[in-house]
Each structure stands twice: as structure tokens, then as C-alpha cells.
Amino acid sequence: GDSVTQMEGPVTLSEEAFLTINCTYTATGYPSLFWYVQYPGEGLQLLLKATKADDKGSNKGFEATYRKETTSFHLEKGSVQVSDSAVYFCALSGYNKLIFGAGTRLAVHP
Amino acid sequence: DTAVSQTPKYLVTQMGNDKSIKCEQNLGHDTMYWYKQDSKKFLKIMFSYNNKELIINETVPNRFSPKSPDKAHLNLHINSLELGDSAVYFCASSPTGSDSGNTIYFGEGSWLTVV
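For the record, the sequence lines run as chains A and B. In terms of the numbering used here, the first sequence opens at residue 9 and continues consecutively. In terms of the numbering used here, the second sequence opens at residue 82 and continues consecutively.
Check each hint, because a few of them may be wrong.
Said to hold, decoys possible - The list that follows gives simulated cross-link-like pairs (lysine-lysine, DSS-like), each with its CA atoms no further than 30 Å apart:
hint	chain 1	residue 1	chain 2	residue 2
1	B	Lys90	B	Lys133
2	B	Lys121	A	Lys85
3	A	Lys85	B	Lys117
What the hints assert, rightly or not - Not close to chain A: a few residues of chain B, all C-beta gaps over 12 Å, as computed:
hint	residue
4	Thr94
5	Ser101
6	Gly109
7	Lys133
8	Ile136
9	Asp151
10	Asn160
11	Asn183
12	Trp192
13	Val195
Hints listed in this document are in silico derivations from the structure and should not be mistaken for laboratory results. Ideal Cβ positions, reconstructed from N, Cα and C, are used throughout, including at glycine.
The shape of chain A in the complex, shown without the other chains (with noise of 0.2 Å):
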């Protein structure tokens, strides 16, 4: 069946640094892929999508670009803060639902 797998945390960062979770996925068809966020204490939230191959998403200074020969949705961003401290889940549209990834937990440091 389909499934999503992402890189096993924490990731610990210093504020400024380059953060990469990787995420790749297997999948029938063409998913659309998701990364959403879960702040301490709160709801998730849809940090960004792509819906078909070669498309980026962006948002709050994350990137993730769809990459159908590898599998891959892995999201970026140039320069962490102490606020992006979160779970960082990648996810594929399944029928009807959401494939979740374990989740990435990313602990920002000053």
C-alpha cells in the first residue's frame, strides 16, 4: 500500500542554519504531497503541497519541490528560527484520507 517515510528526528539546529527533512513516498498513481506542522500544545497545520511532478511548494521561507524519479518531497529552508520549533510531518493524498509520515521533530536552538 502507499506509504510515506521520513527521516527520524530530533533534528537539533542552531537559529540560522539549513534545515532538510528528507521524506520519500510510495505510491499508485500520482499523490498530491503535503507537509503539514504541529507546534507545541496545538493542531496541525498545512505548511505546504504540490499536486503534480516538478511542482514546488512554498511557504514561511519552507520548500519542498515534487520529485517524481526519486520519490521525494524533501523540505528545506535557508535559515531556521527559534519559532519553527515543531513536528514537521510529510504526507500523500491517499483515497479519501492522508498517508502520514511518523513526523520529524525539529528543536531550534539560539
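Here the structure of chain A is known, so what remains is to put chain B in place on it, guided by the hints.
Structure of chain B alone, referenced to chain A:
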């Protein structure tokens, strides 16, 4: 206005009790969902409804019974609560099914603790 709202946000209850979590969305969406997030943060679909009809029941025990009185509401009732039911339950909605690339919007979660 909160787009997807669920109540209560926190719930502590004893084993064996029956409890309900209510969810409402004011986005005009046709599809609503319940997701469960376990202690390791893993998120898994429980139910999906489209226009009040059950679309997905993802091998959830019969003690969990969703009810959708109209397409803006999807409530979750849990009978005979067990320790393993302790989790965060997220309600969500989308314009149609997510397989068309539509964004799913999540509520803030209901933190259920069974003691």
C-alpha cells in the same frame, strides 16, 4: 471564526466510561475525518465521511462510533474506554476527498486520557 472546531480539548476519564467528542466545520466542506495521534505522534486515519456517508472505516474497534447528523458535523462516540484509547483525536475536513489534491484542514485536537 475557527474553521474546524472540536470539543472538548482536554478530557480525562476512567476506564469503562463512555465519552463523546464533537466536531463542527464552517468551511462548507463535503468531507470530514477523524484521525488518531498516538503517544509517538504517529497519525492514522480512523474514519472518513462524505456528505454524511461513511467512506472509510480503518479497522477501528466497534467501540468507536462516528455520527454525522449533517455534513458540517462529525461526532465521535467511544464506548467502554480502555487505557490504550489515550491519544489525541483530530477532526478534519476537506472540500472533497483529499485524492484530488484538496487540502485537509485540521481542528486543534482533543487530548483524551483514560485512567
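Verification of the hints:
Of the pairs offered as hints, the one joining B/Lys90 and B/Lys133 holds, with about 24 Å between alpha carbons and a cut-off of 30 Å not exceeded. Distance restraint check for B/Lys121 and A/Lys85: the Cα-Cα separation of roughly 25 Å lies within the 30 Å cut-off, and the hinted pair is therefore satisfied. Distance hint between A/Lys85 and B/Lys117 is fulfilled; the C-alpha atoms sit about 29 Å from each other, no more than 30 Å. Here B/Thr94 stays apart from chain A, with its beta-carbon at least about 20 Å from theirs, past the 12 Å limit.
At roughly 19 Å, the least C-beta separation between B/Ser101 and chain A is larger than 12 Å, which holds for a residue marked as non-interface. No Cβ of chain A comes within 12 Å of the Cβ of B/Gly109; the nearest lies about 18 Å off, and the non-interface call holds. At roughly 14 Å from the closest C-beta of chain A, the C-beta of B/Lys133 stays outside 12 Å, upholding its exclusion from the interface. Not every CB of chain A lies more than 12 Å from the CB of B/Ile136, the least distance being 5 Å, so the non-interface label is violated.
The beta carbon of B/Asp151 is kept farther than 12 Å from every beta carbon of chain A, the shortest such distance being approximately 19 Å. B/Asn160, annotated as away from the interface, keeps every beta carbon of chain A farther than 12 Å; the closest lies near 24 Å. Look at B/Asn183: its CB is around 8 Å from the nearest CB on chain A, not clear of 12 Å, so calling it non-interface is violated. Here B/Trp192 does not stay apart from chain A, with its beta-carbon only about 9 Å from theirs, under the 12 Å limit.
With a closest Cβ-Cβ approach of about 20 Å to chain A, B/Val195 is found to remain outside the 12 Å limit, as its non-interface label requires.
Hints 8, 11 and 12 from the list above are not met by this structure, while the remaining hints are.
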